[in-house]
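**Student:** One letter stands for each residue in the lines below.
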Amino acid sequence: MSTSTLTERYVHEVVRRIPADQRDDVANELRATIADAIDARNPTDPGAAEREVLIEMGDPIRLAARYADRPLALIGPDLYPTYIRLLTLLLSTVLPLVTAAAMVVNVFENNNVGSAIGVGVDTVLNVGAQMIAWLTVIFALIDRTRYRESAAGGTPAWTPDDLPELPEARKPAFTICASAVWYTLLIGLILWQHFARPYRANGESITILNPDLWLNWIWPILAGLVTLVVLDLLRTVTRTWTFTMAIWYAAANAFFALPLAWILQEQMLFNPDFLNAIADGRPSDAVYTIAALGVLVVSAVEMVRRFREVRR
Amino acid sequence: MTVSLEELVLGQAQELRRGTVVLACLVLLEEPWYGYALLETLNKAGIPVDGNTLYPLLRRLEKQGLLTSEWNTDESRPRKFYRVSPDGSRARDALVREWQDLVTSISQLLKENR
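Going down the list, the protein sequences come from chains U and C.
Numbered by this note's numbering, the letters in the first sequence go through residues 16 to 327 in order.
Numbered by this note's numbering, the letters in the second sequence go through residues 3 to 116 in order.
Pulled out of the complex, with its shape left as it was, chain U reads as follows:
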C-alpha cells in the first residue's frame, strides 16, 4: 500500500480530532477508502487524482466533526435562545448597574468627573467583554459536555410570558408629552427663581441659582431646553420622528446637559448668598459630582433612546 504524504497528512488532520480509542480504526479505513477512490479514477497522474479525492472529502475539521458526532457550531440551536436571552439581560441590566456602582465609588474616592467617566468607560469595556467571553465559554462547554438525552430538558422551556412588550405599547404619546411638560417646568422654574427672587435672607430677596450664570452658561441651557420642548411638541402633533429630528434632539440635549454638568462640577450652580444662608444644608462635593454625572448619563441614555426610536 502506497502511503503518500498528502493522504497521510489528511488522515492525521482528521483523526487527531476524534476520540483516541477510534483513531487507528478510522485512520486505517480512511486510508483504504481514499486509496480505493484514487484507484477508481484510473489515473495517469496519481498525484492529481489524490488531490481531487481529498478535495472531494472536504475540510478535515468538518469530517472529524462528523466522525465524532460533534456539532460544528460553538453554541447549538438548543442552547442558542437561552444564551441570547441571558446575554441581553447581562449587558442591558447587570452591566449598567456594575458600571454605575464603580463610578459612584470612584466619585467618593477622587471627586472628579473625568476620572469617574474614565472608570465608567473602562468598566463597560472590561466587564462587558468579560461577560460576553465567559458566558460564551460556559455555553460552549455545556453544549459539548451535556448528554444528548437531556438536551431538551436541560434548557428552560420557552413560554409566552418570556415575550417582551411591543415597543409601541411602551411609549404612548403620553410619555412624549410628559417629557415636554418636564422641560417646560424646568424652564419655568429657572425663570421664576430669577425674576421672583423667592428666597429671603437677612431681609433681602435673593435668587437661588447663581446670578452670574446669566452672563454666560444659562443661555445654552435655556436654548437647549426650549429646543427640546419644541421637538417633543412637533413629535406629538405630527406623530413622526425622523433621523433629522433625532440629530436635533441630540444637539439640543448636549447644549442643555454639557453646560449644566460643567457648572455642577465647578459648583457654580447656586447663588453663594443662598448657600451661606442655608449653611447647614450645603451639598457636599460628592453630591455635586454625582449630580453632574447623573445629568450626563441621563442625557446619553435619552439620546440613544431617541435614535433607536427612529428605526421603528
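Think of the hints as simulated: they come from the structure by calculation, not from any bench.
A few of these clues could be false.
As the list claims (entries may be wrong) - Derived SDA-like pairs: lysine to any residue, alpha-carbon spacing no greater than 25 angstroms straight-line: (1) 65(C) x 74(U); (2) 65(C) x 56(U); (3) 65(C) x 43(U); (4) 65(C) x 159(U); (5) 65(C) x 83(U); (6) 65(C) x 160(U); (7) 65(C) x 87(U); (8) 46(C) x 56(U); (9) 65(C) x 40(U); (10) 65(C) x 79(U); (11) 46(C) x 71(U).
Based on the hints, put chain C in the right spot on chain U.
**Tutor:** Showing chain C alone in chain U's frame:
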C-alpha cells in the same frame, strides 16, 4: 440576492433525500460491503451520497448497534466490511414500512389534488 428556482428545488430535494441514505444502506448491507464499494453502488443505484457523509454515517450506525463490522485482511489492501445486525434488520423493516406509508400518502394527496 435571491435564490433561483432551480437552487430552491435542489435544496428541497436534498432535504427529501437526506433520510433515504440510511434506509438504502440498511437494505444494501444485508450483504457485507466495504466503504468505497458501497458508495459506488449507492451512486449507481441513484442514491447520490458523498464519502464524507457516508463513512461517518456507517460508523454511527455501527455505534448504534444497527451494523456490525469486520476487517478483511485477505487482500493486499485491508478493508473494513459492514453488514446489518439483527437490530439493523428490524430497523430496516420498520423504515421500509414508513417509506411505503409515505409513498402511499403522497400519491393519495396527488390523486386528490390534480
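**Student:** Check each numbered hint against the structure and report the violated ones by number, ascending.
**Tutor:** 2
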